[in-house]
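Undergrad: These are the residues of each chain, in order.
2 protein chains.
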Amino acid sequence: MTELKPIGLVYSSFKELSGMPIQPAGAVGVKGTVEVFDEYRAGLKDLDGFSHIILLYYFHRSEGFNLQVVPFMDSEPRGLFATRAPRRPNPIGLSIVQLDTVEEGVLKIQNVGILDGTPLLYIKPYAPEFDAPVKVRTGWLEAVRKTVSGRRSDWRFK
Amino acid sequence: MTELKPIGLVYSSFKELSGMPIQPAGAVGVKGTVEVFDEYRAGLKDLDGFSHIILLYYFHRSEGFNLQVVPFMDSEPRGLFATRAPRRPNPIGLSIVQLDTVEEGVLKIQNVGILDGTPLLYIKPYAPEFDAPVKVRTGWLEAVRKTVSGRRSDWRFK
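For the record, the sequence lines run as chains A and B. So the first sequence is residues 1456 to 1613, counted in this note's numbering. So the second sequence is residues 1456 to 1613, counted in this note's numbering.
In case anyone wonders, no lab produced these hints; they're calculated from the structure. Everything numeric in this text was worked out from a predicted model, so none of it was measured. Mixed in with the good hints there might be a few duds.
If several chains are the same, the list does not tell them apart, and a pair holds so long as it fits within one copy or across any two.
Cross-link-like lysine-lysine pairs, in silico, PhoX-like; alpha carbons within 20 angstroms at most [said to hold, decoys possible]:
1. Lys1470 to Lys1590
2. Lys1590 to Lys1460
3. Lys1486 to Lys1590
4. Lys1486 to Lys1460
5. Lys1486 to Lys1470
6. Lys1470 to Lys1500
7. Lys1590 to Lys1563
8. Lys1470 to Lys1460
9. Lys1563 to Lys1486
10. Lys1470 to Lys1563
11. Lys1563 to Lys1500
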């Protein structure tokens, strides 16, 4: 299959994996920057009309994976695909972030829980009618969902 | 960067790109199946508690890309990254689908707008507190958002 090719880089204040918010919900108000490489900038036209964007990026500091993991917000081992752990067979990260400005290939974003220097793969506009199902059940997360925003990552991401 | 490696396959009734729903919203009730390869099945534990999952997959029939595209629901050329067009520098597809059952590595899913035989890269549980921002603006999509569910794809996906 095709190799991934970065279209830009994500910059943030997170220089190390430990201490990072585990989800955008824990990164509310945290600012960051996306720099899209020159050759892709024409693709940014019209993006500034959107308040939120979906970013896919490459977990460049993630290595290997386990099929069962104990999530940050839990004490039970869970199936990897029932968690949001970054160590995966294809180490691709997904974040929905707030978009503030787009200027000469540089996107100012908020609610960023992404490591500084992360290679960007993909930008897509967020649209609730496509991306926000209703009547949702969230399994083991139900019990811990109210406590997530304050949690921070630790060694389990490495 | 790392090469992508499929963890399974998506099966659906869509054998050709033309005639496919352009988004899950246009695929409401359309059923499909995910088969996760043997060596990854242990990662499916606990997934059945979730009603919706995020799938990333490889657009194996997509070739090349243009930085400006005329979206299905529009008549103006838009920046590629302000659209949800599948022809991209990294041809990765993202769908949020309804999960009905998980049994021996086989996921029965609904609201599927994915081509039959598509290589699966990634399964993540959908959780509104991480994935559903509020107070959203959707740029050029605002005007056309009410009409999307009936649209079908055409030659522009090829």
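Undergrad: List in ascending order the numbers of the hints, as given earlier, that are violated by the structure.
TA: Failing hints, ascending: 1, 2, 4, 6 and 8.
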